[in-house]
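Novice: Listed here are the chains, written in short residue letters.
2 protein chains.
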Amino acid sequence: MTVQTPLSEFRFDRDSEDTGIDAGFIAVEIQRLMGEGQSQAVREFIESQELADVAAIIEELPENDDLEVMRLLSLHDQAELLGYLRPSSQVAIATCIRRRDLVALMSAMSHDERADLYKQLDAEAQEAILPAFAKAEREDLRRLAAYEEWTVGSVMTSDYATLAPDLTSTQAIEALRSQAIEAETIYYAYIIDAERRLLGVVSLRDLLTARPRQRVSEIMDTEPVWVRADAEQEEAAKLVARYDLLALPVLDNNDRLVGIVTADDAMDVTEEEVTEDFYKGSIVQPIEMSVAEATIATLYKARIFWLVLLVFGNIFSGAGIAYFEDTIAAHLALLFFLPLLIASGGNAGTQSATLMVRALATGDVRPADFGKLLSREAVVALTLGVTMAVAVSTIGVWRGGPEIAWVVALAMISIVLMGALIGMCLPFIFAKFNRDPAAASGPLVTSIADVLGVLIYFTIATQLLGL
Amino acid sequence: MTVQTPLSEFRFDRDSEDTGIDAGFIAVEIQRLMGEGQSQAVREFIESQELADVAAIIEELPENDDLEVMRLLSLHDQAELLGYLRPSSQVAIATCIRRRDLVALMSAMSHDERADLYKQLDAEAQEAILPAFAKAEREDLRRLAAYEEWTVGSVMTSDYATLAPDLTSTQAIEALRSQAIEAETIYYAYIIDAERRLLGVVSLRDLLTARPRQRVSEIMDTEPVWVRADAEQEEAAKLVARYDLLALPVLDNNDRLVGIVTADDAMDVTEEEVTEDFYKGSIVQPIEMSVAEATIATLYKARIFWLVLLVFGNIFSGAGIAYFEDTIAAHLALLFFLPLLIASGGNAGTQSATLMVRALATGDVRPADFGKLLSREAVVALTLGVTMAVAVSTIGVWRGGPEIAWVVALAMISIVLMGALIGMCLPFIFAKFNRDPAAASGPLVTSIADVLGVLIYFTIATQLLGL
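Residue numbers (the numbering used here), protein chains in the order written: chain V, 1 to 467; chain B, 1 to 467.
Hints were generated in silico from the structure; no laboratory data involved. All clues stand as given, with none of them false.
One copy or any two copies: either way a pair holds, since identical chains are not told apart in the list.
Here are the simulated lysine-lysine pairs, BS3-like style, with alpha carbons at most 25 Å apart:
# : residue 1 : residue 2
1 : 238       : 280
2 : 301       : 372
3 : 238       : 432
4 : 280       : 301
5 : 432       : 372
6 : 280       : 432
7 : 119       : 135
Because the structure is a prediction, the values reported are computed rather than measured.
Build out the structure end to end from the sequences listed, making use of the hints.
Specialist: Structure follows, in structure tokens:
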């Protein structure tokens, strides 16, 4: 039983974690109203909502219905809405509507989102629509779409505001007013020469607080922070965060201004990078699509590699155990402590690696700090090892007598120390060879610590128990 | 041998990962110049740099020198610079300078950063400076400092721009011009009534493109996105990202406007949350400070809890092995496969958990999708298990004959299936009981899979080998 709420009284519950439930609920209601021909009520409702929320509703609607609802909005709102939809939904809509409508819609989109959509279309669809664009737009589209996925160029937009250096602040504000409909942001304006080389940046705030007859060239920042179009997109996101920018100018290799990266796009890049890092430190290979949409084959492929690789690591541990079969046969009580000792080495190592990977990523720790950190880590690991040895040796006395307790205690200290030092060193070694330290965490550390743990444990046992 | 570069020719290398090296290098140079009394050269250099970079240099300077260099800047720049410094450096500087200077400096700071610094000071210092502020600032400081660390209130600022609803767009722009020095942003302005209740929001862009005599009340968005001051700060960050906002208004429980959260502060919150999530999915307890600055005791405390907890998990595995001592004694070849089988269960489980935790966090997957995903996971796990069983059973034939090979193959399929299903279910169970699914990843899954893996392996062995 669902409560019937007229759409006009509905408010998105923004406090809840899951606005998806709201969207699905409203989508059903909208479908009903559209079926009853009450498109005017639907129009009023969606016009009163934020476009990001309307996009969430559109995603929940069946094909054709989504298009019908979308068309209730103005062309400008439709274009902005499209940018909020998932890439797959964008393509689905783009392939449904007439070519002329698609070109009109794409012309109204912001330049970066338009290029992203264009890249998603298949070659046939691309060739079909390209001639319908005006020449300048066609070239812009081709140029933006040409940047590789991981570059700054692929996230920048070319609809930025520009000013001539000799304008007065009053004239400049007037010029920005006329660019306000087209430009992605007018809060920063870029001052370029005839070759589009960047001379400076001025904020609308600075223009407003300047004296009316002061010239742009006197107010502008002549050494703004910028980034290259072929740099990694993460670079742009870092600069935006470090310098608290609303937009970052992008230059090509001839120092010409080719675009800007806005703060909201930089934020999206950061979120993508976080997901990528998340997978990098895990034993799953990155999946390009949503997990919910992934096929069985995709999931299999993302997982089998690491599973098989780690099995090989464990074969060495197994071989280590097999090598000490005589010791084990003589003292089966040793087996009780095997999982616990081996796991402790891996756990201590994972901890050190976790701390170092994060600290290297945030810049808290630099590769040069290695020596200083290593001796501190040794002390911490020794203290941890001794604590664990004391706890475990009491169980050792109970399960196997004082001799076994000694073996277990000594093994625990050595194994924790060994694990921690490996976990600490590997990220630095990776960083040294320009690899991502995140790849050195968890599984690799555990595999190495496992093998060495087996060897340390049974070597100590063989020596102390005199076999 | 270092190359001597005059400061004036120095450029921060923003392409490099590590601007810290630059900062340290420049700091040495600046110290030398200050020692030679060339403070004018230093002033020219730091005035030409971004304040975020100057802050990095100041951090590298010894005490007293940092203050001397900072004082070369204007009061306004000093105040902004202070906000870029680490909290500990801010406090160090605040306790060095005279009370009157500190109050002047803090009065020029943005309201949120001022409150953050105030909170860092000890009670004595707080009481010493508070009376020196003007009444309005004193109250603002007290109010902002009162919000708890995790709330929206603790990251919002109170220096936002406001407008009366009956102003024309031209008058409104004029009003914003006069607020430009004080307000954190003038790109959004907030329209409030006499009780400070939020009536609407208008962007400077909308004001600029409006007709000159159009009134603010006609242009403003009357249903802006907002957030409560006592909501979690993560909530504000999510709204800023979802709706691509430059600033988000914050209301108290009486719907009065009390502050705004700017996009750059929202970005900082996101980064904090990422670090927190990173630790949550790991076996290290969160460390409040930089890892490089943490003491041995802090590191010990952050690590010992999980290490000991996981040892207890492994005692169960050990007990499981001890329970099957007879089987093992009769077939020591089984030990070779022990590490490999147990680890595979934990690895498959960690993979499922990784995928689900991330998908639940990004909203890719909803708790309601559980049933659909479970059957797919079972198929994937079965395929993975069979692949691994085939690979491992060939080694089984070689190490222990066809009987052992059968045991190992069957155990592998069961263990991988068991591990994967546990890894898939735990995050959903955590989500169901409103716990963070991230806490259900890695260590917990591995511990459970380890114990069950031992039991499954030796039970199958005991049955098939007829003991």
